[in-house]
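Sequence order for the protein chains is A and B. Heads up: take any position in the first sequence, counting from 1, add 7, and you land on this note's numbering. Heads up: take any position in the second sequence, counting from 1, add 219, and you land on this note's numbering.
These are calculated hints, taken from the structure and not from any lab test. Treat the hints with care, since some could be wrong.
[To be verified] Here are the computed lysine to any residue pairs in the SDA-like style, where the Cα-Cα straight-line distance is at most 20 Å:
id: 1; chain 1: B; residue 1: 319; chain 2: A; residue 2: 510
id: 2; chain 1: B; residue 1: 319; chain 2: A; residue 2: 362
id: 3; chain 1: B; residue 1: 319; chain 2: A; residue 2: 42
id: 4; chain 1: B; residue 1: 319; chain 2: A; residue 2: 114
id: 5; chain 1: B; residue 1: 319; chain 2: A; residue 2: 322
id: 6; chain 1: B; residue 1: 319; chain 2: B; residue 2: 288
id: 7; chain 1: B; residue 1: 319; chain 2: B; residue 2: 361
id: 8; chain 1: B; residue 1: 319; chain 2: B; residue 2: 359
id: 9; chain 1: B; residue 1: 319; chain 2: B; residue 2: 307
id: 10; chain 1: B; residue 1: 319; chain 2: A; residue 2: 239
id: 11; chain 1: B; residue 1: 319; chain 2: A; residue 2: 207
id: 12; chain 1: B; residue 1: 319; chain 2: A; residue 2: 281
id: 13; chain 1: B; residue 1: 319; chain 2: A; residue 2: 66
id: 14; chain 1: B; residue 1: 319; chain 2: A; residue 2: 366
id: 15; chain 1: B; residue 1: 319; chain 2: B; residue 2: 286
id: 16; chain 1: B; residue 1: 319; chain 2: A; residue 2: 502
id: 17; chain 1: B; residue 1: 319; chain 2: A; residue 2: 41
id: 18; chain 1: B; residue 1: 319; chain 2: A; residue 2: 503
id: 19; chain 1: B; residue 1: 319; chain 2: A; residue 2: 38
id: 20; chain 1: B; residue 1: 319; chain 2: B; residue 2: 243
id: 21; chain 1: B; residue 1: 319; chain 2: B; residue 2: 289
id: 22; chain 1: B; residue 1: 319; chain 2: A; residue 2: 45
id: 23; chain 1: B; residue 1: 319; chain 2: A; residue 2: 395
[What the hints assert, rightly or not] Which stretches of chain B does chain A cover? Using the computed rule of at least three CB atoms under 8 Å from a CB of chain A, they are:
id: 24; region: 224–236
id: 25; region: 261–274
id: 26; region: 288–297
id: 27; region: 304–313
id: 28; region: 384–393
[To be verified] Pair ranges (Cβ atoms, derived):
id: 29; chain 1: A; residue 1: 288; chain 2: B; residue 2: 307; range: 39 to 49 Å
id: 30; chain 1: B; residue 1: 274; chain 2: A; residue 2: 63; range: 17 to 27 Å
id: 31; chain 1: A; residue 1: 246; chain 2: B; residue 2: 326; range: 41 to 51 Å
Just so it is clear, the structure is predicted and the values come from calculations on it, not from any experiment. Cβ atoms here follow ideal geometry from the backbone N, Cα and C, with glycine treated the same way.
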Amino acid sequence: MLSGRVAPRDRSAAVAAAERLAAVSTLIAGLEHVAAERDHGPGGLLDWSVVRESTGLRSPLARRIADAAAGPQVARCLALTQVAASLALLAPTGPRARLVADATVTSTMALLRARLKPGADGADQTAFCVHALNTVARAGEGDPAVVDAVLWASALQSVGSYAVSGWLKVGSPSWRSGRALPELLRTRSYGEPRAYDLVRRHPTAARVLTHGVVALESAMPLVFARRGRWAPALLGGAAALHAGNAVAIGLNRFPWAFGATYPAVLYAATPHAGRSDALPRVVAAATVAAGGILQFAHLRRRAAVRRGMAGGRVVRLASGRRVVHRLDGPAHGPVVVLEGGPMLTDAQWTTVRNALGPGIATLSHQRCGHGGSDEVPATGPAVAADLVELLDAVVPGRDVLLVGHHLSAGPVLDAAAELGGRVQAIVLLDPVWPGSSAQAHQSIAAVVRWLRLGLGRLLERPDWAQDLPRAARAAALAEYRDPRLWTAADRERSALRGSSPPTRVEQPLLLVASGQDPFTHPVLRGTARALRRAAPGLRVAVVPEVEGADRLVTAPGAGARVAALIESLVTGSAARQEDRRAAG
Amino acid sequence: MRPADRARRVAVVGGLSAWLTATLATQHPSRVFHGPRRRDPLGLWLPTWRFFAPQPGQHDYLLAWCAVDGEEQGPWQHTAPVLDRRPLQAVWFPARRREKALLEACARLLSGRGMRGSDVRTSPSYRLLRGCAARAARQRPEVEAFRFGVQRSAGRDPAEEPVWVFVSPVCDLRQPGRSA
């Protein structure tokens, strides 16, 4: 139907058809919003008084706007305005009225989005994109190239969404085996009982249908093949899929929202003179350029990481391995040795190091496999042995205070047992011992594969990044986005798997926990009890303002508190050392 | 062509190309690689293209509550059982958002996302579910305290029994947000 009415060469008809189909989706959405207002009040699953805390909006202005738009009266007005504007788009209105209506629907959807974020779906996103694009098309109606760019954008969004969805399904065991559809239809949240009954009774047909969905979605880019000859059939298949989904899994607005992109797909799939094809060319160039930028950044980062830490020096250990380390502070007196967990970079100690100040000597290093140090030996990481060798090579004879962060607690206690009386005290920050599960290894290995392809810049920004000063943040993020850190961390974690806290610790031991008392903490509880048995004089300090081992050392307040605790031990240690010297 | 028209054309083509490239960059199957999505916290302008992929939903989450009176605990009751699909819902389905919000809240609660500190009671998901259970419990005036729980169910598949995946501490109905 669409191909007959819209396809050939009429850009205005394509825009108008897209507006009408998307308007049906936003009309239904607006009315459904009003009908389900109770869900946004106290006790509702979309209760705004709670939802507002998890919108993810950081700007105070954006939060104020979201709050204002989410008030019950305002939200109802916005939803009804959206309904009215959608009706205007369904009616035979003139271009100017349609521009206003498109802009109105786009604005109301944007304003209501925070309130509707829980429970939102792809139909909301697609309808929003279509209306926003149509606003641009209507505003630039005098310039055919602008309208063509808009239609191309809508078409590429549509084809891209089917293709990516299909390709990801090809890689999924659940979809490949044909289990996905029956498993989805068995749920009461999505599946229609008769549809589930059918796929249960006809498993072969269900498998064929599942594979058919994957094939159809994956093949969607073929709409552009053979001068668009296959486009009507492929879009017809997709329309049937959405209609089936509406009935079988209750995705009632999808046929309208996605159908609204089909006029643009048909227009873009059929080449003809007078059409501007600038957008797909620029998109292709931009995508290639973005890939190039990612690769360039990857190589630059890799080189920077392999140069080692800022202010670092190289020392060759007795075992022959070269290790990058950093020694700050006075040349005499006890040295605070900062030993991070497997995923902690040296730059993340900046907050603690700065808080300790220049009067206290600190030593940190990049373990084998990290930063600029040599690779992990083939026999596996030797974290405790390397630490002992490092201290002998860099601060021979000096007393040390060992600080073990997170999973480094085990190696630090092993090194302390080896070093004996040289260790004046031990501080463990959120100490944990890994379980025996291989799950962490599988997830890290998957991340490493993508990082090796240069996708480090796409990694989610960790919470601790906000805590660090600019230079330290850049260095820490560079290492975090490089596969070397993850690979080394994975090997260290694997080497520790199955280990447990020692039964005896000779030196004074301080446990610093983030968030809450470690003896009631769900993760730290077991470790804290074991350490109390091993060191009856165990001291415990809680830093309540942060949660998690990383932010314990990076957050300014927490880092300063940790530094103060370390400093009190160093002062005590120095005094004892002085007493011993006087007595000697 | 006037310079202003050319500038407008360049702006539209450039802007839309940047938008499409950014959209493509946020389709990674793993959430860990969704860094650029922090620029779109509401999920408004960077559409998700991964519908039901790589893993579609396989379970329902059912929210249930029970009255608590001292040491005594009453029978569990579902707050709002998900009803079977009706033909009209292919067109008109106001409850869809609520049902999806329940799935999302339960999934977030179980993954620990959104927690401030290690106390699950601070997470928005916990508070949404607690509020929903409290609303159901208030229908019975004699109830002063309750627990709520989440069951994971295979829906209509008789081969899998529903399993409890979360049970809350006792919640005081007279003081919203307080645990007894």
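#### Entry: Structure versus earlier hints - violations, ascending order
Those not satisfied are hints 1, 2, 4, 5, 6, 7, 8, 10, 11, 12, 13, 14, 15, 16, 18, 20, 21, 23, 26, 28 and 31.
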